[in-house]
Amino acid sequence: MKIHGRAFVFGDNIDTDLLAPGPFMRAPIEELARHCLEAIDPDFAHQVRPGDVVVAGRSFGIGSSREQAVQALAQLGVGAVVAQSFARIFYRNALNLGVPAIACADLVAERGDEIEVLPAEGLVINHSRGTRHRGELLPPRLLEIVEAGGLMPWLERRGTGTPA
Amino acid sequence: MSATLVDKILARASGQERVVPGEIITAGIDLLMMHDSGGPRRVAPRLEKLNAKVWDPSRVVVVSDHFVPAVDIESAEILALTRRWARDAGVRHYDMQGICHVVLQEHGHVQPGMFCLGGDSHSCSGGAFGAYMIGVGATDITGALVTGQTWLKVPDTVRMQWNGALADGVSAKDILLFLCATLGMGNEGLVFEYCGEAVERMPMAERMVLCNMAAELGAETGIVAADATTLAALARAGRPFEGDLGHWRSDPDASYLHRYRFDADALAPQVAAPHSPANSRPVGDYAPVRIDQAYVGACTGAKLSDLHMAARVLAGRKVAAGTRLLVAPASAATITEASADGTLQTLTEAGAIILPSGCGACAGMGAGMLAAGETCIATTARNFKGRMGSAQADVYLASPYTVAATAVAGVLRDPRELLAESP
Chain A
1 MKIHGRAFVF GDNIDTDLLA PGPFMRAPIE ELARHCLEAI DPDFAHQVRP
51 GDVVVAGRSF GIGSSREQAV QALAQLGVGA VVAQSFARIF YRNALNLGVP
101 AIACADLVAE RGDEIEVLPA EGLVINHSRG TRHRGELLPP RLLEIVEAGG
151 LMPWLERRGT GTPA
Chain B
1001 MSATLVDKIL ARASGQERVV PGEIITAGID LLMMHDSGGP RRVAPRLEKL
1051 NAKVWDPSRV VVVSDHFVPA VDIESAEILA LTRRWARDAG VRHYDMQGIC
1101 HVVLQEHGHV QPGMFCLGGD SHSCSGGAFG AYMIGVGATD ITGALVTGQT
1151 WLKVPDTVRM QWNGALADGV SAKDILLFLC ATLGMGNEGL VFEYCGEAVE
1201 RMPMAERMVL CNMAAELGAE TGIVAADATT LAALARAGRP FEGDLGHWRS
1251 DPDASYLHRY RFDADALAPQ VAAPHSPANS RPVGDYAPVR IDQAYVGACT
1301 GAKLSDLHMA ARVLAGRKVA AGTRLLVAPA SAATITEASA DGTLQTLTEA
1351 GAIILPSGCG ACAGMGAGML AAGETCIATT ARNFKGRMGS AQADVYLASP
1401 YTVAATAVAG VLRDPRELLA ESP
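Chains as they are written, first to last, in this note's numbering: chain A, 1 to 164; chain B, 1001 to 1423.
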């Protein structure tokens, strides 16, 4: 598994109300996704393309348990999220839905930088700057779930046992 | 071998002699709660695809609280699907009886020593009963419904000792806003265990606030060891606790990551400025802020004791001209009790509008949404941008005392001043 795309860069404490605004939670995911992060970046949902990478600071995804926070990003094609740290429920949701969430303390990137993410190696490369960054390695069973495309495909593949 | 309360619960739930922070365990679930937003509508298609059934319907509770009462066809369909699914699966369903975290406690579902999963980030509220209860998303809920288990990384426990007593007009909400400002929202991997005289004095509803806002601290959960107050609440709920109370507490020499000590007497009412609970500071530090809407609602701030706090400030007073006060009691039972003891009348005589029980405007789903340029003060847990309506609205967070005092003044106001003047 390898993700290669452009960086969209955000700060600390990007919350679930920014990612999946409550007033659109009744709507289908296609519509909800159009409002993803619009309160702080009205261009994001229009400009992001499949394989692009969201880069952020601390506690990315703080707030609600709503999985639509991850699904909205996935719907827009976001290939991975690299953040200094993740809020606990968002982190589980991301892996459960097959979106690699890589904690990386020292990635420096600007919007539009060319980023490559290698979850199995815990490696993040900024090709625009020529820098390589060590991210947190996922425990093997969780990596297996992400690479399967999430917990549901993983459960379908192996029958209904217990993960991790 | 000494252990924290959290260590003991997780060891029992995982069938291990002991657990070590950082270790990944698989734990058996004693109680699983989900609501109409993250529950059946998202879980049912997945269960069908897996051709799987609920592992133990007697351990599953569904609460419809997010889209209630239906305001459009989409929410009506979600609620109808939730009813059908709960009936077919044979699980307990509380339909429009109030907010899930409050309804669970009213019926005594969460008991000391339990390991519980909830499909909502404020599920940590259950920690007030000496249980380990965490919020997760719908895929985790699906996996748990099928297997009766989930995985987790054993957290470190941080001991939060609050000595002394809170001043009149200061509440558990002020403690948590203060902690959000002091510790920030990035406390992943930690459980906050609350203790000390100020906590021992608190009724269950206030202990629930301590644990509820573990979500805003970014912590795994919050917890308070059960005591006589807990047992009395469970007995009242009709499910008396029959286990060994002495076991379900941290050993005196247990190993904590940190031990904090705070002086409850010194705490002033706190207010969080937009757009983060971590933007909190004492109410007296603010320049006058004009308020369009005061909102008493949500699992964090509309239980009976919260309504009592608001009513003490509002008794014999009127909401300021140009300000509206909306009150969405946390549950149907809260409305019944607040009606019987005169609290509702005190609120409505002051000018409050009573809204249906449910997550409502706090979740950006129900009545009480905000327009661009409006300013709100709320007893809720979160003031993230756009949460209560327009992304151009400002939301301040405070206790029910402070929200009520602000509703009367029309601008941010220290409730201690009004309480001191009360007849």
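What the hints contain is simulated information worked out from the structure, not anything from laboratory work.
In this text, all values refer to a predicted model and were calculated from it rather than measured experimentally.
The C-beta atom is built at its ideal place from N, Cα and C for all residues, glycine as well.
Keep in mind that the hints are not guaranteed to be accurate.
Derived DSBU-like pairs: lysine-lysine, alpha-carbon spacing no greater than 30 Å straight-line [to be verified]:
1. Lys1153/B - Lys1053/B
2. Lys1049/B - Lys2/A
3. Lys1153/B - Lys1049/B
4. Lys2/A - Lys1008/B
5. Lys1008/B - Lys1153/B
Facing chain A, according to a computed beta carbon distance under 10 Å, are these residues of chain B, among others [claimed, not checked]:
6. Phe1067
7. Glu1220
8. Ala1278
9. Arg1281
10. Gly1389
Check each numbered hint against the structure and report the violated ones by number, ascending.
-> The structure breaks hints 4 and 9; every other hint is satisfied.
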